[in-house]
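Make the full structure from the sequences, and use the hints.
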Amino acid sequence: AQKVTQAQTEISVVEKEDVTLDCVYETRDTTYYLFWYKQPPSGELVFLIRRNSFDEQNEISGRYSWNFQKSTSSFNFTITASQVVDSAVYFCALSEASGFQLSFGAGTTVTVRA
Amino acid sequence: DAMVIQNPRYQVTQFGKPVTLSCSQTLNHNVMYWYQQKSSQAPKLLFHYYDKDFNNEADTPDNFQSRRPNTSFCFLDIRSPGLGDAAMYLCATSRERNIQYFGAGTRLSVL
Chain A
274 AQKVTQAQTE
284 ISVVEKEDVT
294 LDCVYETRDT
304 TYYLFWYKQP
314 PSGELVFLIR
324 RNSFDEQNEI
334 SGRYSWNFQK
344 STSSFNFTIT
354 ASQVVDSAVY
364 FCALSEASGF
374 QLSFGAGTTV
384 TVRA
Chain B
1080 DAMVIQNPRY
1090 QVTQFGKPVT
1100 LSCSQTLNHN
1110 VMYWYQQKSS
1120 QAPKLLFHYY
1130 DKDFNNEADT
1140 PDNFQSRRPN
1150 TSFCFLDIRS
1160 PGLGDAAMYL
1170 CATSRERNIQ
1180 YFGAGTRLSV
1190 L
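These protein sequences, in sequence, are chains A and B.
Taking our numbering, the leading residue of the first sequence gets 274, the next gets one more, and so forth.
Taking our numbering, the leading residue of the second sequence gets 1080, the next gets one more, and so forth.
One should not assume that every hint holds.
What the hints assert, rightly or not - Each pair of labels, with its calculated beta carbon distance range: (1) A/N340 with B/S1159: 44 to 54 Å; (2) B/T1099 with A/Q342: 40 to 50 Å; (3) A/P314 with B/T1099: 39 to 49 Å; (4) B/L1106 with A/R336: 25 to 35 Å; (5) A/E290 with B/N1149: 41 to 51 Å; (6) A/V287 with B/N1149: 17 to 27 Å; (7) B/N1177 with A/Q330: 14 to 24 Å; (8) A/E290 with B/P1148: 43 to 53 Å.
The hints are simulated quantities; they were obtained by calculation from the structure and are not laboratory data.
Since the structure is predicted, the reported quantities are computational estimates derived from the model, not experimental observations.
Glycine included, C-beta positions come from ideal geometry on N, C-alpha and C.
Pasting the structure below:
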């Protein structure tokens, strides 16, 4: 069975601070995909990134960066120089290549104060 | 520009009164999903359609049904809503097992 754990329930920072969201996963499959989604107060889940299990290269997209470490089964997400618009719930998710289900972590609520 | 469209955004129904939520997509994706998300919880997959094939999750209550009349549309029917069914319902689509794209959701209230 697959499982995703997001240890932080809530994080509150002041604008321009960096914030790192932790994600740890469990799966028995050798081929799997990891995701991060953002859910602003409006409710829509916005896709941010997908990583496959064979690609451990870290990625940077603007102020967002992701660190995938297979050795520790972690896929952490960092927002650099946070802004108020970054306030949202962020979900880490896992899908196995053999199935369709996206298994989500419990989510981390990020609040960025001006 | 919206690619996965859910209607309505807010739905109020009465206890036991059937309700239908709708989802349409312009992405021409072959897979469509319905998730239930209760307050402060993660989304939970109810079922998905792979083309015309319906796939129910093992723990989805019988009270929840779905229809997909064509590639673009998918409906979620709740036959007899209970108070515990009040939630956000999210529709998503994907091409095969690729990235799932979500609609804005329908927030269901049961009175």
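Going down the list of hints, with the structure as the test:
1. A/N340 with B/S1159: 44 to 54 Å: 47 Å, holds
2. B/T1099 with A/Q342: 40 to 50 Å: Hint holds: Cβ distance 45 Å, inside 40 to 50 Å.
3. A/P314 with B/T1099: 39 to 49 Å: 26 Å, violated
4. B/L1106 with A/R336: 25 to 35 Å: 27 Å, holds
5. A/E290 with B/N1149: 41 to 51 Å: With Cβ atoms ~48 Å apart, the hint holds.
6. A/V287 with B/N1149: 17 to 27 Å: The hinted range 17 to 27 Å is violated for A/V287 and B/N1149, with Cβ atoms some 50 Å apart.
7. B/N1177 with A/Q330: 14 to 24 Å: 19 Å, holds
8. A/E290 with B/P1148: 43 to 53 Å: For A/E290 and B/P1148 the Cβ distance comes to about 49 Å; the hint holds.
Hint compliance for this structure: hints 3 and 6 are not met, and every other hint is.
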